[in-house]
Amino acid sequence: MKKILKKTAVAICQIFVFFLFFACSPPQQSTVIQENKTGITDTGILIGSSLALAGHAGYLGTQMLQGAMSYIRHINDSGGILGRKINLIALDDSYDPTQCLYNTQQLILAKQVFALFSYLVTPTTMRIIPLINDAKIPLVGMFTGANRLRQPVNRYLINIRASYYQETRAAVDLLVNKKNIDKIAVFYQYDEYGFDGLRGAEIALKKHGLIPVAKGSYIRGTLDVEAGLEKIMQSDAQAVVMIGTYDPCAKFIHLARARGYNPIFHNVSFVGSKELARRLGPAGEGVIVTQVVPPPHSDIQTEPLPGVRQYLSLLKQYYPDSKPSFVGLEGYLNARILVEGLRRSGKNITREKFIQAIESINNYDLGIQNLLSFGKNDNQGLDNVYYTIIKNGELVLLK
Amino acid sequence: MKILVIDDEKPTLSMFNLFLTAYGYDVSVARDGEKGLDMFKEISPDIVFTDIKMPGIDGLEVLRRIRNQDTDTQVIIITGHGDMEKAVEALDLDASDFINKPVERKALNSALARAEKRRQLPRNMPFEFRSLQKNDFLQITLTGKLSGQKTPDLLKKIQENVQETINEVHMITDDGFSITRSGISALMTLIQKLRQTHIKISIENLSYNYIRVFQMAGMDKIATLVEEVLPD
Amino acid sequence: MKYFSELSLKNKIFVTCLGFVILVSILIGLFTRSLLITGLTGELKKRGVGIAQSVADSSRVFILTKNKAELTALAYDARLGNRKDIVKYLIITDNQGNILSHTFTTGYPPIIERVVKDTKNRKDKIISITVNRHRVFHVTVPVKEGIYTIGSVHIGLDQRHIDKLISNLRLIFLSFLSTVSILFFFLSHRLALQITKPISSLIRYTDQLTKGNFNILPNDGINEPHPASNTNDDEISKLTNSFIKMTSELKSSTNRLTKSQEKYRSLFKSGPNPIFVVNKKTFEILDANPNATHLFGFNRDELVGMDLFKLASTEDGRFLNDYSEGETMLTRSKVRFEKKDGRVLFVNIHASPSEYRNKDVIIVAATDITELVEKDSQLIQASKMTNLEKMSAGIAHEINQPLNAIKMGSEYLSMMNQRKQKIDDKDYQMVVTQISTQVSRAAEIVGRLKSFSRKADFSREVTDINLCIQSVSKIIGRQIALQNIDLVLDLDKNIPNILAHNNRMEQVIFNLVTNARDAVNERIEKYQNIEKGRITITTFFNGQDVGITLSDNGTGIAPDQKERIFESFYTTKEMGEGLGLGLPIIHGIVRDYNGTISVSSKPGAGASFRLLFPAHQPGGPGKSGEQKK
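Chains as they are written, first to last, in this note's numbering: chain G, 1 to 399; chain F, 1 to 232; chain P, 1 to 629.
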């Protein structure tokens, strides 16, 4: 018995030695998470944003910014957050990812901003992800429903709006369930944004055991929608889920109606619903547009939601010349979340604390019938999708 | 008188020479038997002394050869120790006498005397005896050559002449007496027989040498041996 | 190493195997590691260079246009995807070393500025630096517009990538090694056990056997108890089988041995002869049987531990020194020993080697021949007496001559004196001288007689045979001559001496001469052969032995008699003439001196006796002391 014990002891010793061996070279430790206080001073919090501001392409950017700034200025004017005022530096990148990248680097490195805020569109936002990860800097609010910004969960990317997947899902659900349509086609911009939407549509359709009967696309920046239209028309699709921008989409719908093809058209929010409605004119009647925020205007029929009302009033206050828009409302909501996060972070605010603060927001009521929740594995605040339909050149909530 | 001495020992010869010359003899010497016989032929001595033990022809052979010649020469045998056997043999061969080495004067004288006397006597004297009755003993005188054949007569004679009161017999030998080997043993037997009848014997007038022989035979144990008396 | 040798077999096997495995593994590991490191590092660098070069290509335009945004994009692009692990940072500089774009999102370390500025003079160089506690290879690739360098691309290759790989490898390897070791630990353990367990059993079994316990049956640990039922063919089983066979053999051998030992023990105890067990090297007595103690007068305790030579008289004791290795038996006769009370004893020794209680010993058995030796010497003495007797007649005769001369001489002087006759001076001188001479002569004869009759002592002396022969010739020569026999001496003056006794040699020669004389006389008498008797004595040396030849022309010896003449009591003489002791005694004496005697004869033509004795060589052939007269 003693012998066996002895042997076992020896064996164990040996094993121990071996593991000691390998433990000799300690694996490279990942650098300790810095408690980064960049951009925070006693009086101010520096925020940075790079977005399209100039030219006609700058509509989205400007709108968004104004929406956000309304609220921010409101907060600042109210004393800031714990005595700190929010200073937003906004740089123009004209949708150029390269420029956006550069801008962002400048913001982080040179300007030393505390956090990034309200970026536009997928390509640019995607571009700066490495920077965000390197600097471990949070980005609050992106005007894009791209799946890649949400999955896999990157805690530095704080999405607010619902995703394209959710939008297309909502559309498909509506079409299939409510309209009993099973022949649905997809028309999409031939880029990431479009692909994303297509994928979302396919997933949504698959849930119903369906596939798109046709898929048509157009090259970004062009209006060459004919080929796509042709394809879709041949499929006799009853509905077309469209993921694109307002010009090509408007042309598509015009052409389709002109050729007597009148399926149900659906667009995602990114299309730029107001512009779409304007271009479509009467042809736009009945076109469904899913929205991630409620319509931002006061409707005669409906009372605007409290959150919306606040937006409208603040916008009027600070940017009286600016017309309310969906994207503006989004900007506004982004600002609200930013502020809420800052507030929750407390006095000794750090980027990490801020992120944790954001993650702690749960069922936050923004007054838009859309509870906002974040979490450790949830970096998207709003989940609800609103159905709007063009009626008389106006987008109204679909009942 | 001429004497021849034969002996292989040089010192002995010298001594003999000296002695006999001093006695007045005419001495010749020879170193061995052969030479001795040659000399004998040459000088015809009266007496011959010869040693028995010699290389070549021994003394007895010399004696024999001399006896074969018709002479009156008396041969005296010189014996060494342990030659007694030979001495008795010599007696059978009619040796005159024998003397023993080492030679004593007495013995030499005795032998010489006897030799001279015997020269006078005839050769081969027969055996005779005379008995004379004395007061308390019987005296018998012996002469001649006593051999074994003759003893029965002697015995008879003694026994006849012995009377009851006599228990001693004296035998006297004279110069002519000689005895043979057989004679010695017969004589001994005779003495034994007489002793059985309690008769004492004495033998007298024996030469020195004869006593020796008889002693050797053991006769001195059964009889009294008396030596002759010699003038110096 | 000493520790290793002290381990049990099982552990030895285990340690060796394990050690070997570990050693090999470590070697492979180290080798692989170095190989890998070199390879990976090379790969990394190559890749880095490749990336830098592609970036350089792409950035050319933008460097010219100083499009920082694009350059920044390029820089960040270089870090996309899985290149992120390799490329720690990328910097694009102009030809002055000013940074145009970089990927240090959080600020570039000071070392970079230095390095970048430095590389103005360096092109295509790879240096190893530490950035933010990461070790990197800093690769510089020039951006060329034609032959002009318009800028550089610097890329930092994270070695952590390699290190991680290496440590992963190491981990894998070590885990593998541990697993193998553990596995092997048990395996070799089992294997060793497989081997050593039956061996241990056998060892136990053997130990029991050594103790003499044959009754253990192999039922503890050894595989099969019965060889018959054993079907295994491996070495262990074979060993077991052989062992079992050996055991039974051993058992019966031991039984036989015990019985035999008992037998010999009883022989030893009850043996009629003294037996000693003597240490082969030291001649110390280890054991003695009761007879030995009885004979020698010591008791056993006194004898054990005593040096055997203490019992023997020194010179005879040396006999055992002659005992050389490998001789199975040694016999020595007439070795002289001494009893406790000092009395002398003669023994015949038989010695043979043996083993006694694990020591090399000699078993010395002694036969007491003291009586025989005494009788022997008595016999010799008796024979001497006989010879003396034979001599005496001659001696007496011889002595008589001088006596006679003395007697006659002195009688003459006496007579002449009595007669008052004058002696011649010459005669007087002659007589007186003669007397003196003859006295000397007589004394000499007496002396010879004395020496002849003296009892010889035991130690042999250097003897010149020629002298002996001459003495005998003096004693008996005259007598022989008287019997008309020629005694011829042909003696080689240069023969060496022998080791013998003068006295006894004279006896021997005397005896042979008298025998020869008797034979001659017999021939003359019996066969009426008057050829002159002749006895010839010759001495010679043949290089090894000294020899005497004694020949006569007597009656000779018949072939059938030749064998028997040396037999005791064998005689051809008449009753009362001879005892028949002469030749046997001569034979004994000759043998005593390590000599040989042989006879050749032709009946009717005489006999010849030949004696050979080993020469005594103290330094060469001996010198004859006396000159031959």
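Simulated from the structure, these hints should not be mistaken for lab results.
Built from N, CA and C at the ideal position, the CB exists for glycine as well.
Do not take every clue at face value.
Stated by the list, open to error - Which residues of chain P face chain F? A partial, calculated answer using Cβ under 10 angstroms:
| # | residue |
| --- | --- |
| 1 | R204 |
| 2 | T206 |
| 3 | Q208 |
| 4 | A405 |
| 5 | S414 |
| 6 | Q479 |
| 7 | A481 |
| 8 | L482 |
| 9 | Q483 |
| 10 | N484 |
Which numbered hints turn out to be false for this structure? Of the numbered hints given earlier, those the structure breaks are 1, 2, 3, listed in rising order.
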